[in-house]
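Student: What follows is the residue order along each chain.
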Amino acid sequence: MANGTATIEVLYFARIAEDLGLRHETRPLAAPVQAGEWLAELARQHPALESAQGLKIAINQEYAGPTSLIRPGDEVALFEPVTGG
Amino acid sequence: MVIVQTQRFDVADLAGRLQARSAGKAGACVHFVGTVRDYSPQAGSRSLFLEHYPGMCEREIQSLCEQATRRWNILDTLVVHRVGELPLGDPIVFVGVASVHRGDAFRACEFLIDALKTRAPFWKRETLSDGQAFWVRQHQDDARKAAQWNDPAATPPSPARAPDTH
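Note that the protein sequences, when read in sequence, are chains A and B.
Here the numbering used here is used: the first residue of the first sequence is 1, the next is one more, and so on.
Here the numbering used here is used: the first residue of the second sequence is 86, the next is one more, and so on.
In short, the hints are calculated from the structure, not lab data.
Treat the hints loosely; a few may be bogus.
[Unchecked claim] Here are a few chain A residues that face chain B, going by a calculated C-beta distance under 7 Å:
1. 14
2. 61
3. 81
[Unchecked claim] Computed footprint of chain A on chain B, listed as stretches where at least three residues anywhere in the stretch have a Cβ under 8 Å from a Cβ of chain A:
4. 125-132
5. 210-218
[Said to hold, decoys possible] Beta-carbon label-pair distances, calculated as ranges:
6. 32/A / 132/B: 41 to 47 Å
7. 88/B / 20/A: 27 to 33 Å
8. 33/A / 134/B: 30 to 36 Å
9. 28/A / 106/B: 29 to 35 Å
10. 6/A / 188/B: 38 to 44 Å
11. 106/B / 32/A: 40 to 46 Å
We put the CB at the ideal spot given by N, CA and C, even for glycine.
Construct all of the structure, not just a fragment, from the sequences and the given hints.
Tutor: This is the structure in structure tokens:
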């Protein structure tokens, strides 16, 4: 979260990456925003996200909820429920 | 210790390492091994690909090992998870726990694999013998098993509350 950074790194995994045809993008973010609000806006630009089931969000590699804050400089990841093990 | 790797691992070697590291202190070493099976009832499986989120995988599993250490009287944990292309029958994951008494080792080992399956960011993509490929869905049973460990008396510190898409 370096001073002056006005972007975030967004990572997509598995089915979501495949549906979007995108694994990574840098997106503008000037000020902190709640994850739920940010996600709703993102889904308007990436309609493929609407079909995701049980979408999970991680901020800086930790699970986050709809009211968690995303700040400029953060790494944000979106993925469907995990299936390891 | 948490290791994410593409190479095949030797179960006996990992079990031996776990035992050696706690030799003289542990009275019990318990391990679980998950292997590649056929996930589709309709057609035969050809192979399995495991995608992961590098960094977050290790952090999540390490955090689960720390939770297990706080919750049970255990001495050591060793978790190895593979990623990449895996043939049918190959080992995917090794979860080993050493403790003074077996009860703690059994319970911690089961907790770790249940929690790993619902929290560690890995995703399975299966390719069938006819060439079709699909992402494996999380089993409701896996989510239910993991939730059973969330006893309010010993709740993990940061339960995930995932947002919906809208």
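Student: Taking the hints in turn, state whether each one holds.
Tutor: These are the hints, each one checked on the structure:
1. 14: Hint holds; residue 14/A Cβ to chain B Cβ min 4 Å, cut 7 Å.
2. 61: holds, 4 Å
3. 81: Constraint on residue 81/A satisfied, holds at 4 Å.
4. 125-132: The restraint on the segment 125-132 of chain B is violated, since only 0 of its residues have a Cβ under 8 Å from chain A and three are required.
5. 210-218: This one is violated; 1 residues, fewer than the three required, reach chain A with a Cβ under 8 Å.
6. 32/A / 132/B: 41 to 47 Å: holds, 43 Å
7. 88/B / 20/A: 27 to 33 Å: holds, 30 Å
8. 33/A / 134/B: 30 to 36 Å: At roughly 34 Å between Cβ atoms, residue 134/B and residue 33/A fall inside 30 to 36 Å, so the hint holds.
9. 28/A / 106/B: 29 to 35 Å: Given a distance of about 48 Å, which is not inside 29 to 35 Å, the answer is violated.
10. 6/A / 188/B: 38 to 44 Å: violated, 54 Å
11. 106/B / 32/A: 40 to 46 Å: holds, 44 Å
Hint check: violations occur at hints 4, 5, 9, 10; the rest are consistent with the structure.
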